Amino acid sequence: MSKSTAAANGHSLWQKMPKANAELFALTYGTLVTELVRDYESTEDINEQLEKMGYSIGVRCVDEFLAKADQAGMVIPPCRAFAETAEVMAKTGFRMFLGVSAEVQMISDSSFSLLIYENPLSLFVELPSDPKWKDLKYSNLYCGILRGSLEQVNLRVECTFVKDVLQGDDVNEIRVDLKEVLVDGAGEEYQEE
Amino acid sequence: MSRAPSNILDRPLGGRGRGSNSSTEAAVSQSAFAYLYSELVQYHQSRVASISELERRLESSGYGIGLKVLELLSYRSKESKRETRLMNVLQFVSANVWKSLFGKPADSLERSIDHADEFMIVDYEPLTSTYVSVPSDLGQLSVDAFLSGIVAGVLDGAGFSARVTAHSVTLEEGETSYGSSNSSLPPRRDKAVFLVKFSPEVLKRDTGLER
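Residue numbers (this note's numbering), protein chains in the order written: chain F, 15 to 207; chain A, 10 to 220.
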């Protein structure tokens, strides 16, 4: 799938989705993070919780993505290379759900960086300058979402936040590394036939 | 292209003097909000033992948002005076707040016949419960408690302290949810009613102002 098709698909899926107010979305996420901060002591725990929540969202949203694309008459063929997966995710997936596109920078055949310029989760957000919060990955939800959704299409990945606008960098960068291509569980016994 | 000012307080909030903001408003898909909200509810659900505690937690989550929404909307609106009368602030909530958060004003605002201090804001399709199904063992739970928290925050911030609760009321015969934006979902059988009960001093103050 070429880059421009992915982008065009993303745009047209986005048009079809019923919309919600982005500020309400951002404020709700802020509330969630605040609750986590109140309930957990260390920033690692908070990051982990956010990633877990993201994972559970990711598992569910990939179904919606494929179903809606199918309904819209789009063909999203099985990706032949990890780079294609990255493009579809960044241009079509992100655009459809969040209305913003992300960019892909391939680092190698099995890892890429996802660059997010406009982050709808961190609207109105500023982190306190206390050194304790240097390790807080505010938008760690994305890492979980990526991990969850890719796992549903048989790709086991690890995602980490490399750069964060809230921590002072100029762009949000998530590094995605492909660890393993999973096989469907029931395969082995039937393969001999 | 100039960089956004590094201090968050200096960044533009948008909307001031730009008239209707519906076309320029930033949006995400409803699904994204629904997923996020479901995670919030699940998170709280794992930490509480009863339905009413879950509702209370959702309400307190929404409260902070209500305060901020009030500030945002007041800043962006063309009116320069703040609301001091009860009916006006309720109109503000059911029309402006609802329109800005959900894209349409609330479906109706009613006054209770039995109690002078109770009002009801009705929404046929609140965003929070559109994608949520409540299992039968959680019977009376209304996940719209989050929205009632938002309303309580807005009212409290405006100086009208109130207790707001969310109830699911079955639709009567002949009542339909008009203009349902998401026709792919099965039609709802209930509407959300937000019962607003003002504190006695608010009512006293309001009747005092009438003279």
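Do not rely on the hints blindly, as some may be mistaken.
To be verified - In silico contact screen, one side only, chain A against chain F (beta carbon under 8 Å); selected entries:
#, residue
1, 17
2, 36
3, 38
4, 39
5, 48
6, 76
7, 77
8, 109
9, 129
10, 133
11, 136
Said to hold, decoys possible - Pairwise CB distance ranges (calculated):
#, chain 1, residue 1, chain 2, residue 2, range
12, A, 181, F, 176, 48 to 58 Å
13, F, 85, A, 217, 52 to 62 Å
14, A, 168, F, 165, 47 to 57 Å
Everything labelled a hint here was simulated from the structure, so no lab data went into it.
Quick caveat, the model's predicted, so the values are computed rather than measured.
Cβ atoms here follow ideal geometry from the backbone N, Cα and C, with glycine treated the same way.
Hints and how they fare:
1. 17: holds, 4 Å
2. 36: holds, 4 Å
3. 38: With Cβ-Cβ at 4 Å, under 8 Å, it holds.
4. 39: holds, 4 Å
5. 48: OK, holds: residue 48 of chain A within 8 Å of chain F, min 4 Å.
6. 76: Hint on residue 76 of chain A: violated, closest Cβ of chain F at ~10 Å, above 8 Å.
7. 77: holds, 6 Å
8. 109: Holds - the Cβ of residue 109 of chain A comes within 8 Å of chain F, reaching about 7 Å at its closest.
9. 129: Nearest chain F Cβ about 22 Å off; hint violated.
10. 133: Status violated, d = 15 Å.
11. 136: holds, 6 Å
12. A:181 - F:176: 48 to 58 Å: Given range 48 to 58 Å: holds, Cβ gap about 56 Å.
13. F:85 - A:217: 52 to 62 Å: holds, 58 Å
14. A:168 - F:165: 47 to 57 Å: holds, 50 Å
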